[in-house]
Amino acid sequence: MILASTLTTNLSILVLAGFIGFVVISKVPNTLHTPLMSGTNAIHGIVLLGGLLIVGLSGNDTFNKVILVIAITFGTINIVGGFLVTDRMLEMFKVKPKPPPAEEEQTQAANEQEVGKS
Amino acid sequence: MNAPPLATSFLQSSNFRDVLYIIAFSLFIQGLRGLSGPTTAVRGNRTAAVGMAIAVIATLLSPDEGNWGLIALGLALGTAVGVPAARQVKMTAMPQMVALFNGVGGGAVFLISWAEFRLTHGFAHTATYITVFSLFAAIVGSVSFWGSNIAFGKLQEIIPGRPISLGSAQQIVNLVLLVLAVAAGADIAAGDHSEGVFIGMLACAALLGNAVVLPIGGADMPVVISMLNAFTGLSAAATGIALNNPALIVAGMIVGASGSILTNLMAVAMNRSIPAIIAGGFGGGGAVAGAEGAGEHAGTVRSTTAADAAIQLAYANRVVIVPGYGMAVAQAQHAVRELTKELEKRGVEVSYAIHPVAGRMPGHMNVLLAEADVPYDQLKEMDDANPEFQRTDVSLVIGANDVTNPAAKNTPSSPIYGMPILEVSDSHSVIVIKRSMNPGFAGIENELYYDPKTEMLFGDAKSAVSEISAELAQL
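First to last, the sequence lines map onto chains P and E. Residue numbering for the first sequence is 112 to 229, as defined by the numbering used here. Residue numbering for the second sequence is 68 to 542, as defined by the numbering used here.
In isolation and in its complexed conformation, chain E is listed as follows (with noise of 0.2 Å):
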């Protein structure tokens, strides 16, 4: 190092870093910014990741670094696997590649809060405020660690999608968990240095972000993962004050404050409140009040087969394709998109119409027909689509269940009643593709199906999309 000290001194002070955490944090606004659209949000993410390679170039000038070799294998780690992962992922994978990522940021939170915890021998001469946020980090990194794991294995079916729950006992459970993890972190800010009471409170912590994601059924994951991300993005912000690092804070502040509206955008989507959802009720009382709801219409269901529903296709003038999760598992996106050519060239008119909490992740849908060069401008948002199914001739239901039921309009008794659906009941044909009978996540039968309009064409969706448009190919 032949550097003039003085440039050395200035490169290591503190201010040129703050400068440095000043650029970041803007250049993570900026970047944000550009998300609202999609011309300017590649660049906008490409924004974000330059303030974040600033930021951590700012910290490791920092002049107490050191343990570089640690660092170096740190980094290395972390690059050989976040970069196959991300570059592999399949899209419908999506939700549960974004749980993973979220649960390996939890799971620094909560180290780096226990490596504070033992370098200053249990917060023994730290200014009390700086216990609390570090302690806050830890519960919460560490219930946001466990938690997204579980959606994680629940999103990748290791572990059962279904609701897992001790039934009425579950909310005691958590709040027992709940507060003996409050009651370690309250002791160990009062000046107890044991480092046991601390493992004790991680343990709690973990054993409550398992008891609260283990209950919730699939159809609800868009908000849990919404709500994991808001928290692990408190946490970091909650280290950032512990730490007196401005990036940290503003970075964490802002993923806290963007993961609370999406989680509320979710639960009104869903007609639910958050807390319902965390206290896991969907596959418990509900779906039992729906299953008996189901049995005094067991109407008769009318099937079709792939040529009827090709010809229904063709002389329609309209036709509004709704997808759902059905679509993302059968992998569909590219059959639904030769579809939608084939019905193009034959002057067939064709948008899709999403739903908020269609698939398992807000705006996975989206994600996915992107994939498939679908134009950004034949998506239609709920509120966009709805008007327009009384002029649609023909709509094409693939793989989406709860999304459209009826009932969340007609049927006062229903789990689902007030949801917000897609009115696929107005247009004047109904087309549904669909494995089986089996209704969806909420435990609902679908009236949709019973409809008169409606013909189901039961099978994988993507080998009935691809069946329907070799019959169009045909005509």
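Next up, chain P with everything else stripped away, as it sits in the complex (with noise of 0.2 Å):
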């Protein structure tokens, strides 16, 4: 019964792990609500693994490693992206010191700078 057990401990796993899910997010201010998304989004590329893991088995079928590459490519596309766009986002929210007064003028410029293009 090796391969029940081995679906047993999984879906504790699973359990598990959407409990922790709950608690975790339930915690995130509205605010955050769009990183969180894109954040988590960016987890779920995780899939990735999965594409990594039969690529190496997929042996002289044309087709299969085709359609793992676009498998890994969308994996990634999905991580790097996902990644990095969250980082983008939460740059912003980031609470500023406040600027010395010179660097405040600058800022300043540059938004005016901004409205002026528009």
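Calculated directly from the structure, the hints in this document are not laboratory data. Where a beta carbon is used, it is the ideal one built from N, C-alpha and C, also for glycine. Warning: the hint list may mix true and false statements.
Cross-link-like lysine to aspartate or glutamate pairs, in silico, DMTMM-like; alpha carbons within 25 Å at most [unchecked claim]:
no.	chain 1	residue 1	chain 2	residue 2
1	E	157	E	85
2	P	205	E	444
3	E	447	P	198
So, partial list: chain E residues that the calculated Cβ filter (under 7 Å) puts toward chain P [stated by the list, open to error]:
no.	residue
4	102
5	107
6	109
7	139
8	144
9	174
10	179
11	225
12	226
13	316
14	318
15	325
16	331
17	335
18	434
19	438
FRET-style restraints, in silico, Cβ to Cβ [said to hold, decoys possible]:
no.	chain 1	residue 1	chain 2	residue 2	range
20	E	440	P	117	49 to 55 Å
21	P	117	E	340	17 to 23 Å
22	P	117	E	448	41 to 47 Å
23	P	173	E	90	33 to 39 Å
24	P	171	E	90	33 to 39 Å
25	E	451	P	172	17 to 23 Å
26	P	174	E	448	47 to 53 Å
27	P	134	E	370	48 to 54 Å
28	E	263	P	173	14 to 20 Å
Using the hints, put the two standalone chains together into the complex.
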């Protein structure tokens, strides 16, 4: 019954992970829901691992190689893009330390420029 | 490879791999915990990214690994597409970006299941449970892939944002597609090894993904995106069980849980049930009822000018800005920030009231305003903002519509009755910046516009706000 026990172990992991997910995510404020979503979005790119594992076994089946390369590409886009875009968003949420006056003028000038452009 | 065989075999042993996986998913959880506050969030996201790198490396160390050329090709292609996309996307386009990234994740899931199917000659000698989880992943992954792509198309306005549906037949069609996909899956699980059946199953799931998302209107997109996010997570977890890979199970399930929570929060914030949104009710019957109701109170609407609005704002003590999708579309967040600065110079207290479903994604407005350097503590969530409206002199509504409609509180016949709203009509006066009198995505007239306290400033959000700022500077 080795298979059955693997299944039970995996199901236990599944259920526990679900509970952890609920607890951790419940604490995230509304304000950060977009980054949360794009961050968790990046995490499910972990299916990449599935592609990496199977491509090693795929033998000479050309069609399989093609779909696995696509799968790995998709997974990588999901991970790399997801984390990068989340990082960009979160950088903007950083509580900025009060900039020294000179710098503030600079940012103001930059902002004015931006408004001017429009 | 001159490494001692013992060390090599340890590096390749599944125990070592599993230890790395445990480290990886601990980092995911720790990273997500960091997302609970703006100060720790950046580090949290990076922590999760490190976890992901560890998980990938652990997988590449496994002894069955091969076909390095293909792996390198896939990783390189993915990076080449993902990095520029993530770097260049505008903050206003974030919802469609997330939808797209979510879609490719779902695509990877169903392709992997397909490859597994071919590799095992139709799950010929696999345990039934592995077959079942693989098939589940294939169906859900395919739904998620196609659904996300449609959501992307709608948000990007490649496909019209209005609901496209088959009317009353829609639900029957969806049900038939679902039954067909599940039946094909059951057939395979019962021992049919034909690839045609598998492809048929994928095709039904693909059609289902299209059929579910096409009828959903733009305003319901926040719910759809988080639901599809949960779907991809769950399908990844199922792949994890099929491949006996704990990292996939944990990560996928956490995403599934988080997506489910968010979906539920969004649905509550719109006072809609998730089944009702999926059934695509809003664009149909509800809007008709709303339009009929609108005829009754076609009262007068007062319009104002930027100069008058500027005076009104300049002499207020407290101003609350209510941003909506209109602000995002017009890219007005920087102009709004400038206006805020002008007002603050004059000693006006300014804050922002943000409805949970404002925009096309939960928290979308917060991201845009953060981009424009609005301090985090000026952004008020609905429950904190509502009691404050009574002591607010001017509420400035910028491109928000349904989330301010008092009909949600006062008119039981309204389709949005019961939806929590920002109670801007409690403030002393209201200025609404809006392109035209067209109703919002819900297709309902907004009673707020006929309120004697309300003045409308018609125009593009960005130019209207900039004009007000310019007038203020001259006062």
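Comparing the hints with the structure gives:
no., hint, in the structure
1, E:157 / E:85, "violated (39 Å)"
2, P:205 / E:444, "holds (11 Å)"
3, E:447 / P:198, "holds (23 Å)"
4, 102, "holds (5 Å)"
5, 107, "violated (10 Å)"
6, 109, "holds (5 Å)"
7, 139, "violated (9 Å)"
8, 144, "holds (4 Å)"
9, 174, "holds (5 Å)"
10, 179, "holds (4 Å)"
11, 225, "violated (19 Å)"
12, 226, "violated (21 Å)"
13, 316, "holds (5 Å)"
14, 318, "holds (4 Å)"
15, 325, "holds (4 Å)"
16, 331, "violated (11 Å)"
17, 335, "violated (12 Å)"
18, 434, "holds (5 Å)"
19, 438, "holds (5 Å)"
20, E:440 / P:117: 49 to 55 Å, "holds (52 Å)"
21, P:117 / E:340: 17 to 23 Å, "violated (38 Å)"
22, P:117 / E:448: 41 to 47 Å, "holds (45 Å)"
23, P:173 / E:90: 33 to 39 Å, "holds (36 Å)"
24, P:171 / E:90: 33 to 39 Å, "holds (35 Å)"
25, E:451 / P:172: 17 to 23 Å, "violated (58 Å)"
26, P:174 / E:448: 47 to 53 Å, "holds (51 Å)"
27, P:134 / E:370: 48 to 54 Å, "holds (50 Å)"
28, E:263 / P:173: 14 to 20 Å, "holds (19 Å)"
Hints 1, 5, 7, 11, 12, 16, 17, 21, 25, counting from the list given before, are not met by this structure.
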